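Chemist: Heads up: the protein sequence lines correspond to chains A and B, in order.
The working numbering applies: residue 10 is where the first sequence begins, and numbers increase by one.
The working numbering applies: residue 27 is where the second sequence begins, and numbers increase by one.
Warning: the hint list may mix true and false statements.
Selected chain A positions facing chain B (Cβ under 7 Å, derived; list incomplete) [said to hold, decoys possible]:
| id | residue |
| --- | --- |
| 1 | A48 |
| 2 | H56 |
| 3 | P202 |
| 4 | Q271 |
| 5 | D341 |
| 6 | S365 |
| 7 | V367 |
| 8 | T383 |
Since the hints were derived computationally from the structure, they do not count as laboratory data.
Quick caveat: nothing in here was measured; it's all calculated off a predicted structure.
Ideal Cβ placement from N, Cα and C applies to all residues, glycine included.
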Amino acid sequence: MTKTVTDVICPFCGTLCDDLEVVVSDDGKELHEVYNACAIGAEKFLHSQAKDRITRPRMRQEDGSWKEISYDEAIEYTARMLTEAKKPLMYGWSSTNCEAQAVGSEIGEAVGAVMDNTATVCHGTSLIAVQDIGIPSCTLGEVKNRADRILFWGCNPAHAHPRHMSRYSIFPRGFFTGKGHTGRKVIVVDPRPTDTASVADVHLQIEQGRDYELLNALRVAFKGEQLPDVVAGIPKEKIYEVAETLKSGRFAIIFFGMGVTQSLGKNHNIDEAIAVTRDLNEYTKAAIMPMRGHYNVTGSGQVWGWLFGFPYAVDLSRGFARYNPGETTSNDLLRRDEVDAVFVLGSDPGAHFPFSSVKKIYDRPSVAIDPHETPTTEVCKVHVPVAFVGVEIGGCAYRMDNVPIETRKVVEPPEGMMTDEEFLKRVLARVKEIQGV
Amino acid sequence: MAIRVNLITGRTIQQGVSMEAGKEKPAYTTACGIIELDPADFKKLGAFRNTNVRVTSKYGSVVVKAVDATQGPHPGVAYIPMGPWANMVVNPNTYSTGMPTFKGTPVEVEVAKNEPVLGSLELVRKGCRGELA
């Protein structure tokens, strides 16, 4: 027989859907079916059941092959590596719960590490912009119930946040948005006619990398001032039309993604997008929100926010927290050879950092904590498999709008497998032993 | 005949699904070891669809399979889904922001019919050991 667990939280993207149903065996040891999730979320749950899953830590041998080791040996290697390093990098933290992030931060403080999360290659530039000029934001509940002008800038939720449009932004019928999508105007700005653009009322196919210009042109258009005939590949009539559409709404929301944060201009693009939101508030209610990727990257920013005062790129090597993006950020540290050991948890820099940084991880003592086999585990010296957070262990995660949601355990992890938090607690205890504190 | 295009990267749903199913599996290579080209750029390149091509930038080089743009048209713009293949050629400079320039790398694309598209683990392993052509 089977049982169905309802109201399960999906640990894939920052949308953190909370309405999944998961069918598990009576003894809670096998997961059979996932309902309501998007294709990616469902795959994440189902992959926990993979028969070829690695269940014990492994260490790389001289000849390049793997040797199975015990958790105790992995803890010893990790604690030694971190305490012996002058300035270790502890990176990742976005695919785990806040409880593990807090323990990890304690280790970072003890060993004088640089703590960085995946925002460094995602919305790090947004965080810089927020520190520059602030952010008028809201929750996704407000978007669902109030927003009638939806602007997606440089993001493609149809692929990256598949249920975002149906749960919050385009299609749902909310308290003041009873007509659903027919009562909303949707605008997409993207250099490609994406699948998100295909459901929009207006698509501005911007020249790649010209976001700042177009954002600035919108501010000009709000005020009714003169524009050149074409800005960033978009005719001025179209820009005036979009400006008018935004101004005429009751509640406008701008969602933005990697198209603006990773293109040249970086944080200045976001500065301008936030300024557009601020200007729009002269005419109607407007808010702006980053489309956060990992399900708990927002949480790691929150945890470090209250522990250290900074949301990412926190350098603890001098015994107090320093923050200077461009200097204390992972890719800069790696490429400049400024860290001498790498610890990765809940992320895959091997796949998602430029290769010049990946090579530096390979050249150093390194540990990867990850349930999957990934390009990161391939270049690290030790791989420690752990239970999937949100599937095999619960814990707190923060949605992209900074709302904390408690994820749930739905199935037992393979026998004898540690969780992120258990592993980190053991490493912390061992670090303290070695340091004699 | 090589063509020059502007490379952007990012998520696709196939990338997400195959990533969660296991990056060591062939499906991940099928989803991400590709470059989406506009039909107009295919014409300039003079290649059939599904031909292996070598993509080269100032920062590196990688062999991927050239496929039709799924979210086009976007002449002059090419797309490799985020992953180790794209990261072989993207501009790693952060310009003091911490963020590598993942979008907007000028690249050259040329036909490389006889060169294989490597799997993700093999690609980073060989790259780190300096065994890539």
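Chemist: Looking at the structure, which of the earlier hints fail to hold?
Modeler: none
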